[in-house]
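Protein chains: 2
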Amino acid sequence: MSWQAIGIFDSGVGGLTVLREIFRALPQEDTIYFGDTARVPYGTKSPETVARYAHEITSFLVRRDIKLLVVACNTASAVALNGLKRQFPIPVVGVIEPGARRAVEVSRSGRIGVIGTAATIKSSAYTRAIKRLNPGAEVLTRSCPLFVPLAEEGWTDNEVARLTARNYLLELKEAGVDTLVLGCTHYPLLKPVIAETMGSDVTLVDSAEETARTVAAILAKKDLLRPAAEKGNHHYFVSDIPAGFIRVGNRFLGGRLGDVYQVNLDNDGEEC
Amino acid sequence: MSWQAIGIFDSGVGGLTVLREIFRALPQEDTIYFGDTARVPYGTKSPETVARYAHEITSFLVRRDIKLLVVACNTASAVALNGLKRQFPIPVVGVIEPGARRAVEVSRSGRIGVIGTAATIKSSAYTRAIKRLNPGAEVLTRSCPLFVPLAEEGWTDNEVARLTARNYLLELKEAGVDTLVLGCTHYPLLKPVIAETMGSDVTLVDSAEETARTVAAILAKKDLLRPAAEKGNHHYFVSDIPAGFIRVGNRFLGGRLGDVYQVNLDNDGEEC
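Residue numbers (our numbering), protein chains in the order written: chain A, 5 to 276; chain B, 5 to 276.
Among these hints, one or two may not hold up.
As the list makes no split between identical chains, a pair holds if one copy fits it or if it spans any two.
Unchecked claim - Think about it this way: if two alpha-carbon atoms lie no more than 20 Å apart in a straight line, the pair counts; the simulated SDA-like pairs of lysine to any residue are: (1) 126 with 246; (2) 177 with 24; (3) 235 with 166; (4) 126 with 251; (5) 177 with 225; (6) 126 with 247; (7) 177 with 142; (8) 195 with 220; (9) 195 with 166; (10) 235 with 262; (11) 89 with 174.
Hints are computed from structural coordinates only; laboratory data are not their basis.
Can you build the whole structure from these sequences, using the hints too?
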């Protein structure tokens with residue numbers, strides 16, 4: 005048993021969809037969330053820069069004595085996960101592997117589509133993870149850079165969103181995928197438009213639930229779970245001033261967001 | 005006369021539109037450009053964070069011994085210019101004041117529209133600058149957060165761009181502005197679609213040319229110009245790896261971009 009918290013980070017607010025599922029699966033656990041709102045987005049930046057940011061944030065969380073780290077950002081999971089696993093002595097869980105596992109489970113035809121940021125798609129991390137689980141799977145990918153700004157603008161159900169979805173997705177639909185992985189934590193906000201474009205025959209996979217299940221399994225196996233009767237406390241840190249995070253975050257968590265503190269992460273994770 | 009270079013910075017690649025006009029106006033001058041590609045965009049971030057980034061970059065450029073600084077980013081000009089002027093002992097030129105001056109010159113009716121990022125519009129910097137020059141002017145503003153990602157995606161001439169422009173601009177058009185300031189260095193890439201939406205009666209103002217003219221006037225007045233027969237050298241620094249900047253930057257500068265170096269700006273402008 006361990007009373008330490010679960011650490012979780014994202015480039016911004018999107019990782020709260022994963023945190024919400026962790027609340028559901030493990031209500032007894034403390035959590036510390038970090039959103040890198042001063043440097044968001046990661047999806048358009050180089051692997052080297054994203055890996056450096058991920059290392060700084062993990063150093064910050066590890067100094068707060070976490071027992072497990074969740075990288076709740078697809079881009080950071082795609083380009084930085086192996087480095088973090090080597091550099092830090094705690095279990096590190098990304099969102100790619102759980103999303104890939106779920107996709108392989110639900111796909112009947114083995115033709116699986118994956119959408120994500122430019123950096124996630126370029127990394128081929130989903131394709132490799134899916135093919136490790138099912139070497140016969142056929143994986144078709146497409147980066148959708150406008151989906152994040154559309155979700156942040158709140159344009160999730162208008163003609164621009166529908167037209168953008170058609171531009172990005174028609175090729176995958178025509179290629180006959182039966183499963184589509186939403187490989188970015190923002191994309192669930194566009195789920196209705198994506199579902200409408202892909203049609204009812206295509207199953208949409210979002211990694212949040214499966215990631216929470218993986219976290220619970222690892223903590224159980226290592227005997228690190230808190231007693232089930234406990235009630236966890238939740239802390240939030242961001243790198244830009246908290247106002248925007250609080251506004252959008254409360255939408256993500258249904259008004260249950262607690263106090264949010266700003267921290268300046270220059271200097272390899274030392275606060276200054 | 006001074007042989008020192010002109011320093012110029014932007015959150016990313018957009019400020020190259022201003023650099024291009026400086027090349028045209030002052031071909032004899034050396035320039036040092038900094039694009040903060042590891043932290044782009046600024047327009048969705050808080051004034052405090054943008055001001056901190058602007059201070060770090062200016063420290064870096066001042067250590068390279070520049071004679072004048074151009075803040076070629078509307079967001080940073082809107083929220084950080086006065087601070088930079090106080091903190092550094094060189095002339096500092098933003099893009100807001102020149103854009104406002106041009107708008108007041110070309111507007112016949114005094115009804116002027118301004119579009120920009122969320123941070124620029126929220127700062128009211130254009131409205132204040134225009135009203136200082138023409139207290140009777142009526143200024144109507146609108147933030148257009150999707151224009152930057154559209155320009156970066158290269159969707160500048162498709163149905164999504166046209167529909168987005170209509171969503172953002174119809175209200176300004178119907179309000180009868182006769183002049184529209186493109187208050188973001190990315191927006192000139194969407195000029196055809198914006199012009200089509202606003203109609204031929206509305207004059208579009210982009211600050212780049214007027215900013216270059218202001219720089220030339222200040223250097224002439226302070227006797228800091230290099231001899232007109234010289235040919236300037238140009239250096240480029242970015243905070244993310246250079247590949248993306250080089251690709252897009254060459255489009256902006258017509259293939260004339262020189263070597264680009266990466267620099268890590270943590271620690272208040274000290275490279276590390």
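Here is what the structure says about each hint:
1. 126 with 246: between (31 Å within a copy, 17 Å between copies)
2. 177 with 24: neither (30 Å within a copy, 43 Å between copies)
3. 235 with 166: neither (41 Å within a copy, 51 Å between copies)
4. 126 with 251: between (32 Å within a copy, 16 Å between copies)
5. 177 with 225: neither (40 Å within a copy, 63 Å between copies)
6. 126 with 247: between (33 Å within a copy, 14 Å between copies)
7. 177 with 142: within (14 Å within a copy, 49 Å between copies)
8. 195 with 220: Classified as neither; 26 Å inside a copy, 52 Å across copies.
9. 195 with 166: within (11 Å within a copy, 24 Å between copies)
10. 235 with 262: So residue 235 and residue 262 pass the 20 Å test inside one copy only (14 Å; across, 58 Å).
11. 89 with 174: Answer is neither: 37 Å inside a copy and 51 Å across each miss the 20 Å cutoff.
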